[in-house]
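Based on the hints, put chain S in the right spot on chain X.
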Amino acid sequence: MLAEKYADRIQKVFAKYPDKRSAVMPMLYIAQEEYGWVSPEGLREVAEICELDPTQVKSIAGFYTMYSEQPKGKYWLQVCTDLACALRGADEFSGQLKETLGVDDGGTTADGMFTVEHVMCLGACDRAPMLQCNFHFHENLDMDKMNALIAQWRAEAGK
Amino acid sequence: MAEKQYPNIIYREKDVPDIRRYEVYAAHDGYAAFKKALGMEPKAVIEEVKASNLRGRGGAGFSAGMKWSFIPQSEPVKYVVVNADESETGTFKDRQIMENNPHQLIEGALICAWAIQAKAVYIYLRGEYMDVAAQLDERIAEAYANGWLGKNIQGSGWSCDMFTHLGAGAYICGEESALLESLEGKLGQPRVRPPFPAQKGGGLYGEPTVVNNVETLANVPWIMRNGAAEYKKIGTEGSTGTKVFCLSGHVAKPGNYELPFGVTIRELIYEFGGGISGGRQIKGLLPSGGSGPVIRFDGNDDPRLDTPMTYEDFQKLGSILGSASFIVMDETVDMAWVASRITKFFKHESCGKCTPCREGTYWLDKTLDRIMDGTARPGDVDLINNVARNMQGMTLCALGDFAANPILHTIKNFPEDFKARMGAGD
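Chains as they are written, first to last, in our numbering: chain X, 1 to 159; chain S, 1001 to 1426.
Hints may contain errors.
[Said to hold, decoys possible] In silico BS3-like links for lysine-lysine, alpha-carbon gap of 30 Å or less: (1) K98/X with K1347/S; (2) K1366/S with K12/X; (3) K5/X with K74/X; (4) K58/X with K1366/S; (5) K145/X with K1366/S; (6) K1316/S with K1186/S; (7) K20/X with K1186/S; (8) K1344/S with K58/X; (9) K74/X with K12/X; (10) K72/X with K1186/S; (11) K16/X with K1200/S.
Note that these hints are calculated values from the structure, not bench results.
This is chain X alone, in the form it adopts within the complex (with noise of 0.2 Å):
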């Protein structure tokens, strides 16, 4: 259960802000965290925490694109093909990175380690391509860099 386990940080959020209502969206980073998605669990536990019903939590985890709904890869790779990226070859890097994992876009590896995704814009233009990896940036990236990454998190992962 996220309220007794996550207690001190759900403590945390809540003295951020005067309403409950606020904590929605950092409760359901929480969520995901635990449970690796926003699953159906996840979404009521943070519905009963926050105070809301549970169908006014869903209809945030589905507008905003960080939350995911269905399960994804251990790791969950976001690369950004908008403009900015794509002129700088993300398109090239993202369909080689995909041949390499064997998948299609938003598909996931069948031993459940990777899911390879395109995004919109990262923020991180001057250093394309680049992506996320479960949130954490990766940038200048090629195949050379992105195969030692993901041979790294094969490793840590004992796969």
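Chain S in isolation, oriented as in the chain X frame:
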């Protein structure tokens, strides 16, 4: 040839490398401006900022001091909200401020908070800046530890708190009223105005609120330390101070460049940016990310490249300076492809509240897809123009106009790129 040197007001880490650290910032006039402001009447602080003619750096270019002066002082609860959503395609300047010179932002926001007597400051960062927010939280904790935040700040009798808040991936939350909705835990959709954020009923939790961009507030400590008169010596009469130009696309050295207003486009692209990649010719420039009209240049000798970079001069070029997110495109770029890419962005980011934007971006994208895959129908270019014009001025926020701009202006400025893709019948 080495580039000319200009003063760094925002990116002071270029002169003082470790300025992100509290001790270093404090040793280099850090919080002196806030201390000075605390010794002044809040109204006098607003007057000083107004006199500097500091204009909002988020894109709209509205006078910051004027914005502050709209706050009704009689209201007991007021807020400052820092817009660190930075989601315009091609924009990455605020992140560098928050990473490398965070105390200057905190100090600027505090001066604004004192000037309007705010109860709290919320810094709304885009969700993707999660790591940046974590660092910023540590800097805010340092400001508390050193008595610049919290109860009875520096014995002034005034108390103020500061918090970060993470968005979760929605371009629309850079629009100030959508940002406030999002901060209140709702869908990030724009509000009907009036009331405006500065008014009772229009701001955060219904209280009068100043919403300023990160870069805008980062200018404020310098202004308070050196005075409005000194600030106005930098830049031009209508566009005072410096601006961070985010340079991306087909340039040899992409990155953030802080330059005084009035420096030419040529100096930015060819001196600081090292010129067009591979020695090719420039074809177009999007000066305000995806949302402003594209400017056509006919190669590197185009005299319009000597235009000074100011709010006023960019209007004369038929565009806007906006957030100064310069996406440079060389001669190899097909502008129909550019229009298609930007339209996909806006289709994805339309919040869905207003019909012209929600439906318009869908139909623009669908029609552009036909043009891109060679199945265009006669009249498709006219159809695009028609749909885009019906979005302009028809929505609650500027996104409807932003989504119409790039496509209308690529067609107008680069008709040959569209003709090449149309069948014989059009």
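Checked hints:
no., hint, in the structure
1, K98/X with K1347/S, "holds (24 Å)"
2, K1366/S with K12/X, "violated (46 Å)"
3, K5/X with K74/X, "holds (21 Å)"
4, K58/X with K1366/S, "holds (29 Å)"
5, K145/X with K1366/S, "violated (36 Å)"
6, K1316/S with K1186/S, "violated (39 Å)"
7, K20/X with K1186/S, "holds (12 Å)"
8, K1344/S with K58/X, "holds (25 Å)"
9, K74/X with K12/X, "holds (28 Å)"
10, K72/X with K1186/S, "holds (25 Å)"
11, K16/X with K1200/S, "holds (21 Å)"
Violated hints, listed in ascending order, are 2, 5, 6; each of the other numbered hints is respected by the structure.
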